[in-house]
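Undergrad: Taken in sequence, the protein lines are chains A and F. Heads up, the first sequence is in the numbering used here, so the first residue is 1 and it goes up one at a time. Heads up, the second sequence is in the numbering used here, so the first residue is 1001 and it goes up one at a time.
If you are wondering where the hints come from, they were derived from the structure by calculation, not from laboratory data. Relax, there's no trap hidden among the hints.
Among the chain A residues that face chain F by a calculated CB cut under 7 Å, a handful are:
| # | residue |
| --- | --- |
| 1 | 30 |
| 2 | 31 |
| 3 | 34 |
| 4 | 141 |
| 5 | 142 |
| 6 | 144 |
| 7 | 145 |
| 8 | 235 |
| 9 | 237 |
| 10 | 239 |
| 11 | 276 |
| 12 | 279 |
| 13 | 283 |
| 14 | 286 |
Per the computed footprint, the stretches of chain A lying under chain F, defined by three or more beta-carbons under 8 Å from a beta-carbon of chain F, are:
| # | region |
| --- | --- |
| 15 | 132 to 139 |
| 16 | 225 to 234 |
Quick reminder that beta carbons are idealized off the backbone N, C-alpha and C, glycines included.
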Amino acid sequence: MTGTSYSRWIGLAFAAGLFVLLVLPKILAPYYLGLAVKMMIFALFAMSLDLLIGFTGMASLGHAAYFGLSAYATGLLALKLGWNVWLALPAGLIMSGLAAVLFGLLALRTRGSYFLMITLALSQLMWGIAFGWRSLTGGDDGLPSVPRPDLGIGISMADGANFYYFVLLIAAIATFLMVRIVSSPFGYALRGIRESETRMLALGYNVWLYKFAIFIIAALFAGLAGILYVYYNRFVSPDYIHVARSAEVLLMVILGGAGTLIGPAFGAALIVFFENLISAYTERWVMLMGFVYLIVALFAPNGIAGLIRDYRKKRASS
Amino acid sequence: MRSFCAAMLLGLGVSAAASTAIIPQPAFSQDAIKIGVMFPLTGPLAGQGRPERDAIKLAFDEENNVIAGRKVELLYEDSAGRPDTGLTKIKALVERDKVHLLLSELVSSIGAAVAPYVHEQKMPWISTVALASLTRGQKSSYIFRFVPSSYQYTMAAAEAAKKMGWKKVYLIGWNAPPGHEALEGLKKVFGAENIVEAMFPNVGTSDYAPYVTKMDPTKADGVFAAMWGADSSRIVQQYVEYGLSKKMPLFGIASFTSEEVLGAMPPQAEGIYSAYTYCGSLDTPENKKFVQAYQAKYNALPGSYQYMGYMAAKMVIQALKDINGKAEDKQAFINALAKVQVNGPMGLASFDANRGMIGDFYTLKVEKGADGKLFNRCGDRQAQVKDPYEAFP
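Put together the whole structure using the sequences plus the hints.
TA: Dropping the structure here:
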């Protein structure tokens, strides 16, 4: 494939994708539009974890902590103090950012499976607080009736299409930022750390600082997803922080293909699709999901995106 | 970098579009009354959700799925016991499937998440969520609760024990809303000074020894337990092992000794009390018919969850009959449902002004049957117990 035709194809795909996303509210029924919003939110969440797992080689099993913490912060501020989105959204981000600073200092002392364990423990700690502090968080029942974001410019977010565009805009900006991050020198240094920490140290990189920075950045994007999710569902419950959610997003990343960004986004969409559409037809949807994991593990160990990449490489070489 | 963006957008767009294109919409006949039935069918609460859904199906099968000449279609969904999944599924039933009413759910966190949406959509929703706030702060004329609230069943249990002569009591309850609300209920009935100690282990605690060994039979007349499912059989096991069952009676709140957990309890569980709106061995023709029909269809004894599902469905069926099957008229339906009285397996049941359940309570005692298996013997009846709204506004 020559360079020019390839970039033309990319341009076409870009235009087509953008067009589809922009006209989606016109062609989809409200319920499916809601699902599309859910897919975008989880795509954002999965991409944020991919920054850690795929690009830096840090497998975290506690990523839902940041998703949930910012969701709680935004939900509480919107519900109890009536803060609008311009205040509540940054406050939520600050919350997950601060948590990441604190947890990063602890968790980054370890690596590999120990890192996995400590991130898991820290997120379960947050889950315990959300579950136990009933007077603030509502305990197991969570906080219902969080209002939709109020932009203060006369656009009602109760309207499904408007909310869709709101999420699309934020997700697009966040995706753009993440793509910039991984394709910057900083991003390439992260890949270096993933391949060999000692070599990067020998080259004079402050490996710890790089890891700390990406840990916080990933938490901020996860927090952004959590904030969008609380506005989408209009409630927050301890379930947002639970280890099951961390595991779910981890599966999204692995299923889609770690280290590609597009892969985890696709994995997220696929899992949301299964959970909500297949389950209307069979209660054995969990088993079907299991088969999908099995097939991916056996035939596409690098995820769906990895499979496509390998296929393209093969075609290019033959 | 551009390719990243392009592929990303394309991926998102395609997957979202695919969700409508790949799967065809289920086709339904125009005239059917559509009822959304969502329960946890997977996950840790599937053990309660599936049987309850089965019991609802049984109630409609008894009508041959035809009410007032209209066919009834039940649309099933799986909430997986998770609030966000549950909310999305409820939206699917309401917006995609256009159901006429919802007969769904038993998990309180899902109930709390779904309630504001259902109210906004003006969608009649009959739940078996024991959440007290559904008929208090979050109350809506569209939301009906066919299950006793946590205050309601605690007060009933406490009154029953008080009648047996209990004065000083222990409480061991889940570190979750129903456990804490049980304490508030007991305080009202016995007085705060007569609660010797209240302990709140977490849901799913595997070892109750630290709690059980703290209970002193010389200090109290008995122990109340507010925990359910696998936890109730576990604590009974240890209560028996530490010899407390011989010295101090145990009183389970609500469905503590429900039929589905009774099988897992040790033989020494004999003598445990509880008080609830369902007693499996009650000798009425309606209950015999219910137990036999359920057993014939699903080869298991129905417990309290099955009863709630079955009766909630019976109430809905009666209300639909009263309005001649015109389920489209939601206002007429909720007005009819609010007035419905059904004589079911446990006697008369109805809804109060806040749309909470009213029904008879029985004091249950676990005994060994002729076949050597444990069963609930139905004792004293408390007629037409209402949610104590005045005591807990």
